[in-house]
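Q: Residue-level listing of the chains:
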Amino acid sequence: MRYLPLSEADRCDMLQVIGASSVDELFRDVPEELRLKGPIDGLPMRASEQSVERHMSALSRKNMVAGDVPFFLGCGAYKHHIPASVDHLIQRGEFLTAYTPYQPEIAQGTLQVLFEFQTQVARLYGCEVANASMYDGSTACWEAIGMAGRVTRRKKAVISSGLHPHYVSVCKTMAKFTGDTLETAEPRLEAATDFDSLAAAIDSDTSCVVVQFPDILGRIGDLSPLAEAAHAKGALLVAVVTEPVALGLLKPPGEMGADIVVGEGQSIGVGLQFGGPYVGLFATREKFVRQMPGRLAGETVDAEGKRGFVLTLSTREQHIRREKATSNICTNSGLCALAFSVHMTLLGGAGLTALARLNHARATAVAKRLSAIPGVRLVNDSFFNEFTLELPVEARPAVHAMVEKGVLGGVSLGRLYPGVKALEKGLVIAVTETASDADIDALESALTEAAK
Amino acid sequence: MRYLPLSEADRCDMLQVIGASSVDELFRDVPEELRLKGPIDGLPMRASEQSVERHMSALSRKNMVAGDVPFFLGCGAYKHHIPASVDHLIQRGEFLTAYTPYQPEIAQGTLQVLFEFQTQVARLYGCEVANASMYDGSTACWEAIGMAGRVTRRKKAVISSGLHPHYVSVCKTMAKFTGDTLETAEPRLEAATDFDSLAAAIDSDTSCVVVQFPDILGRIGDLSPLAEAAHAKGALLVAVVTEPVALGLLKPPGEMGADIVVGEGQSIGVGLQFGGPYVGLFATREKFVRQMPGRLAGETVDAEGKRGFVLTLSTREQHIRREKATSNICTNSGLCALAFSVHMTLLGGAGLTALARLNHARATAVAKRLSAIPGVRLVNDSFFNEFTLELPVEARPAVHAMVEKGVLGGVSLGRLYPGVKALEKGLVIAVTETASDADIDALESALTEAAK
Amino acid sequence: MTSPNPTGWRPAAPEPEIASAATTTGNRALMLEEPLLFEIGRTDRTGIDIDHVDCDPARLAGLERGTVDLPGLSEPETVRHYTRLSRQNYAIDLGLFPLGSCTMKHNPRLNEKVARLPGFADVHPLQPQETVQGALQVINELAFWLLDLTGMYGVGMSPKAGAHGELCGLLCIRAALEARGDAREVVLVPESAHGTNPATAAFCGYRVENIPATKEGRVDLDALKGRLGPDVAAVMITNPNTCGLFEPEMKAISDAVHAAGGFVYCDGANFNAIVGKVRPGDLGIDAMHINLHKTFSTPHGGGGPGSGPVVVSEALAPFGPIPYAARYVDGTYKLVEEESAGEEHPQTFGRMTAFHGQMGMFTRALAYMLSHGADGLKQVAEDAVLNANYILRSLEDVLDAPFAFSGPCMHEAIFSDKGFAAGFSTLDVAKALIDEGFHPMTMYFPLVVHGAMLIEPTETESKAGLDQFIAALRGIVEKAKAGDPDLKAAPVHAPRRRLDETLAARKPVLAYQTPAPDGAGAAPLAGGG
Amino acid sequence: MTSPNPTGWRPAAPEPEIASAATTTGNRALMLEEPLLFEIGRTDRTGIDIDHVDCDPARLAGLERGTVDLPGLSEPETVRHYTRLSRQNYAIDLGLFPLGSCTMKHNPRLNEKVARLPGFADVHPLQPQETVQGALQVINELAFWLLDLTGMYGVGMSPKAGAHGELCGLLCIRAALEARGDAREVVLVPESAHGTNPATAAFCGYRVENIPATKEGRVDLDALKGRLGPDVAAVMITNPNTCGLFEPEMKAISDAVHAAGGFVYCDGANFNAIVGKVRPGDLGIDAMHINLHKTFSTPHGGGGPGSGPVVVSEALAPFGPIPYAARYVDGTYKLVEEESAGEEHPQTFGRMTAFHGQMGMFTRALAYMLSHGADGLKQVAEDAVLNANYILRSLEDVLDAPFAFSGPCMHEAIFSDKGFAAGFSTLDVAKALIDEGFHPMTMYFPLVVHGAMLIEPTETESKAGLDQFIAALRGIVEKAKAGDPDLKAAPVHAPRRRLDETLAARKPVLAYQTPAPDGAGAAPLAGGG
Ligand SMILES: Cc1ncc(COP(=O)(O)O)c(C=O)c1O
Ligand SMILES: Cc1ncc(COP(=O)(O)O)c(C=O)c1O
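Residue numbers (the numbering used here), protein chains in the order written: chain A, 1 to 452; chain B, 1 to 452; chain C, 1 to 529; chain D, 1 to 529.
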């Protein structure tokens, strides 16, 4: 087998050194009657690289590829152009096949990257510190609520109706078992977010208010008043950002008073990948750092006084603190964090702003065109590169109708909120720099058809 | 521009250090009236990575991809499965973006690879020494004739009618100017090669006999008698191998008495690439090494006595010997040589034999099936993975007819020997491990149709 | 028996004394220093060309941002920055990486290629199902392999790593208990367990109690039985365990737990040792996570991403997470999520991540499984165990192997620091291995062995490679026993000497601070405490 | 003005004296030794799974081969072997590579990606033309760019590198001369020319004569004019020349040569300095090769592959090579080869390579050109020249710059070893640069400058990077002048110390020899001499 270096001769020599007559003897702790004799049933035998590649390519061709068609999906995962150098660099064996940097003297590459990543995330979010990544935005969101609970010693979280419904589901799943209570609601097809009503819901039991920026319908709201309201009641403001590119053009939540900012980093460097692996971003204030989940890279010096980096404050983590750890996370999303960091380095502040402006300009133009379609209404007053339309018809069938025309024309709220009548005509459309003019024409005509 | 690190500010600072008021001042040696003022006319301005990628992808989609269709072309370029690890390794920046190893202390990677490559090629060909690569098989073939001339001090080469016609053309082009005479002929649709008649053509003016093994029609002939005949007249035997995989199953020319063995290495690790870059292989006897063209890596020791490698015997080369050099070649085909070497290392002797057996077995089966088509005749007695059919109709239109059916069904001799009536019904078909059973069925039915 | 260079090849001369030549750049030829991005980048510099458009802020709710303080680099500078940094890392691609419990095996490049096929890499998680049938089929095929290899009843594909899988398993257990109105509070965990086990249990609201180990390094069955009772929700066992030993009494443990009304969670991080040799399903296990980034070779990437599908018993299957990919008789695939869960999966504990798990890891793992096949995977386990035992027996004469007496080990060999000269520790041995060109073994884990050295070679190491490692480690251990002070200096050849971890934790600097005008360098963060 | 670390960042402590710690493996942490493939591989080992089939030798003409004596490795071993070897190389991706005359600029990864699109990478050169229209369009588009940038009349795309391009150009010239029945025998080449120039001329059957240079480093126009006559077929000029200077009299040279009935060949290796600034066609040049692997950034790959298209004047165009891609009014493309050459290109000198030139390089170069555009390419030349002059002026106070007095240089700065202490040479300076983490400049070329150091930074270097290089070189040069013996030891940090090239040439070992039973190691080859 091409991945196995031992030859039969090697195996014999080694058994001799070991003093065993057969490999099976080494498995003697496994009860005889349970030991499988031959290769396990029901599975094929080894296959050549060529035939495996054939099989996997055949499967891949059964999917409609975003890059091959007019594509306008968002809602937590966004298609952006990723420079070729990003993928080249993350495939360097020294990054790809390294482990968690537990031996810092020979892991400075990974450690410095994480330190730079943390700084980039903190600055993007307008926060003081960020960690070395979480699994994805949704789990980071739950961890933020848990952390707010530890900081405030309270167990009630008030959740904005604008938070991604899948994120809400994840939080509900966890809350069921941790005994936290979550106040949630479904969004309405209104021009503005629910921040005002949220402020009213905060009380002295509230650990945190959780809002998405921009929200699931693409709406943008000022966080400052909400932050004040929360702080006034001793609660924290948790802001969730699913589209980091938005922060190239919008004030970062940290600067508007958010205490914990978490989000999805997929937009920058990672790619769609049918939902994973992605990279969770997690940032907060210095004073909360010891309540923070996840790994942290920190600066130090070596025996010669040279600057170097190590994993630090691990007394928060499971491998030291065990049941008292701030989280059970171990393996996080290192390589995706690297991809994020490389792409962000290529962009730089100016590039990120330019990219954001391009996204916003195109989205604005598309919103204008689509809302001109008879019966179609633009819900949002404000948006970045994603907005919600109310169609004259149910949106879910409309999306399928567009697929028939070879157009991936947005995400229907019917998919995200099954059974919620009030939302069934809602269609969320994301427009990024990857949408060509021809793509936009195709969307317009497909939607015009489907909206009839 | 994304590839240019200098900022406007940098440029100003640097001009100040230089003491120039403008960049244009640095171009003052270029006559004012010839200096272009603005950007050159007739060309587009800079473009984003995304739009360049779009443009190139669009062009690439205008080609029929070998891997997407039943594919049976050979005649000097062969489709084999190349393991993914080969392409990964040759993209390591340290290999890809290094230059010719003129500073051996920081080029041991490239130098050891070349030393290993030379050894692999020598062993594959059954020769004592090989060089660090030539441009491709056709230029290596010409260089071999030139070298034979230097060794024998004669200027007449006898060329087998089985040598690839493009290789013959290249040699003719050069001979026109160097005053060498070449005796050439076109092949006939016969079962065996022309080795016997060749032996007769050798005389005391003959510098070398040049034969292809297997030849352009896929036929295999024993080189030993020819080698004896040549040596008896003080001439050299030059063997050309366009399909190195064949040597996994066939005696190497070096063992049959060939004095110089050259060929194309594309089959191993390089890929089709519409004809280039490929890698020329060049091997010979120790005693001729100082007449050999091209670079050579050799073993030595460093100041501490540690083994290391350097470029050596460069007194043969243009940068030292100038007009007296054995060749004018400088940049060769380094990265393709690396790809060849990696793929060959993955194969190993056993793997190469297994691959060759698989190719031959499939080719034999296909030859049987196709020659059963009414009116179709198998020309070859002997072949490896490539054979020639005589069709009842002209082969060139047949090939186009097969394209209509989405089948790339071989190379017509009409394409290789335009205007040669006697060959116009000849179709050369190559069958490698990449041809699936379904591909073969498709070929059979397409050819059955086309041969009507 | 072993030689530092089994190929017979040696450097033609001994490494001489090189008077260190300090360089002005700090570089040492190909060992290059690299400043921080923030020291070389500039906010107005970019490596990406984007056409500038003017955009009207009307839609931005008056929240427009000024310049974003993120340094950029041109593309050439970026490629260099990360290439130079990468060279300061050790990795599997460079050599042996015997980190016990982490299964650092070869990562085939075919898998990287496959994962990047546009049909997998460029597909949105919310695309209509008719446009992602191939993706759903991958998930379904991988699930089939996992079920067949483990002999379990169902599998949850959502978990994004092993710890997330543990969470998934315990949530199933807790949901099952609640479904039968049984509110148990305790989860039993062996002392030798990985930190994620107790952390996960606590995360799910359980109280954690330890189970002791026997001197053979196994779970103390009697102690366990003694503790079982109506308050015990589950027992978390790692098998093969973190001492690299198989739990021969596993079935008995499971039966006892079940008899007491609890469930058995198995930490499957070490599945590589037994894949194709024995099926966890036959051991009475109720739930087990599988680290695809260990047993099935998806790259570790310097700390993730991973993937931790959880296989479960029939008793737990109804409670598994959504969404999942179901196959229908007509050969089509359907995603069961909130919408249809009502009918098709009513008792699910719910969603544990936004989308469908680690698709990018599924494609890699499936390519890996297809490549090995049933026969190859069995060989994987056998070679992994063979390599570990070879190391165990080749070193037990110089190193204390606390459990060697009790027989062969599984996929990893464990040693203690017993016999080292006073003041010499496992850490010193590890750092000396770095200079020799190896990654150290896992140190000080599990906690049950003093100065533990846990060595997991995996099946993708050659005998020659192991012989070189054994000889080097042997030499180092002899120095540790002799108290050779050189060991304390190690590593001397790495990009950095030993780093001051105490300083890092005492004055945490977690983000780059632009130096104060006087160039005082990065100021520490208060960072609490 | 320059500091070793312009970013303000420095290693926090000076490099200390490390007592060398010899290791048993010969490894130094991440600097790993790697045996030869032949020392670790085995003929019966393979890293590729191929189903075994029995095949009947009937068709093999009785020439079946026995076992092939080529060592194989498993895939993990293969990946390590080459990854470890790669780490013993310096490359552009690691840092400055100022090799004069080689234009070692950044290689964008977009170009690698584009070249690997199946529509380019997986297409056979003999596919029917209707199935390769996209490939032919690429060749045609690239040709258009080259013609527009050079202002020439035609272009031959076949040449596989610069030297092959020289061959192509001289063959055109010779064919043109023969077409007018004019058999000239001499080609004039400046002393400062690259070795390929005289070698190529000789290869084409010409006698080579040198033209002297002026003390300003230019071609001596009077000497040239003096030598011109009916026997001179061509003059080969490099412009910008190998001293990094533009030939201001180029037009005059061309006119003189033409007046004497000869042709002007221009070595375009240094086109990077003038691309978008001046068109060779306006300088009276008849033929010029362009190294796509220099000016247009296709990777050097450790010595190739390259690509050397040749642009030619109207006088030479009829004689250019076949095949070529012609565009028709209907937008289709056709390959003109032997078949149709008769009508369409009757005077061609013929074919110079089997297929259509370096397609894989064409796609990369075209992507590079499209990325820069007309404005970007002009900027390329300006920044390349700016960087070179910055180096020239930053070092002329410590290094002898023989031509600096005559004004600015183009894309490269040249220095001599004048003023070095006795026994100290350019070589010592180069080797010391290696320890500092830089690739040395071109040494001892061109021959017209004593101990020449030819420094070509290219446009893809940052000012900060140049400042660091300048400071390091300055320090080294001061040592060379002071005669600091440390220089003689350099490099000390590289994988190898200075290598014995004389030994290599005296006893050539060009292939691995399996050691004699007594393990005597590789035996030298007689290898003539
Ligand atoms: C025994 C054991 N259990 C659980 C884990 C956690 O797995 P992951 O890191 O994938 O979350 C690990 C990984 O280090 C482990 O070794
Ligand atoms: C001035 C000059 N001419 C010609 C050449 C030869 O080009 P190539 O190496 O592509 O054959 C070179 C390349 O080194 C060169 O520098």
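Rather than coming from a laboratory, the hints here were simulated on the basis of the structure. Possibly wrong hints are sitting among the right ones.
To be verified - Residues of chain A placed beyond 12 angstroms of chain D at every Cβ, according to the derived structure:
no., residue
1, A58
2, A185
3, A191
4, P225
5, V376
What the hints assert, rightly or not - DSS-like cross-link-like pairs, simulated, lysine-lysine; straight-line CA separation at most 27 angstroms:
no., chain 1, residue 1, chain 2, residue 2
6, B, K37, D, K378
7, D, K251, B, K37
8, B, K233, A, K62
9, B, K62, A, K62
10, D, K479, D, K418
11, B, K172, D, K334
12, C, K507, C, K481
13, B, K405, D, K334
14, A, K176, A, K155
15, C, K378, A, K37
16, C, K378, A, K287
17, C, K507, A, K37
18, A, K62, C, K225
19, D, K507, B, K324
20, B, K421, B, K172
21, B, K172, B, K233
22, A, K155, A, K287
23, B, K287, D, K507
24, B, K368, B, K324
25, A, K324, C, K225
26, B, K62, D, K418
27, A, K405, B, K62
28, B, K405, B, K172
29, B, K155, B, K176
30, C, K334, A, K405
31, A, K324, A, K287
Said to hold, decoys possible - Sample of chain A residues at the chain D side, in silico, Cβ under 10 angstroms:
no., residue
32, R2
33, R46
34, Q50
35, P83
C-beta atoms are modelled at their ideal positions from N, C-alpha and C, and glycine is treated no differently.
Q: Please list, smallest to largest, the hint numbers that this structure does not respect.
A: 8, 12, 16, 17, 18, 24, 26 and 28
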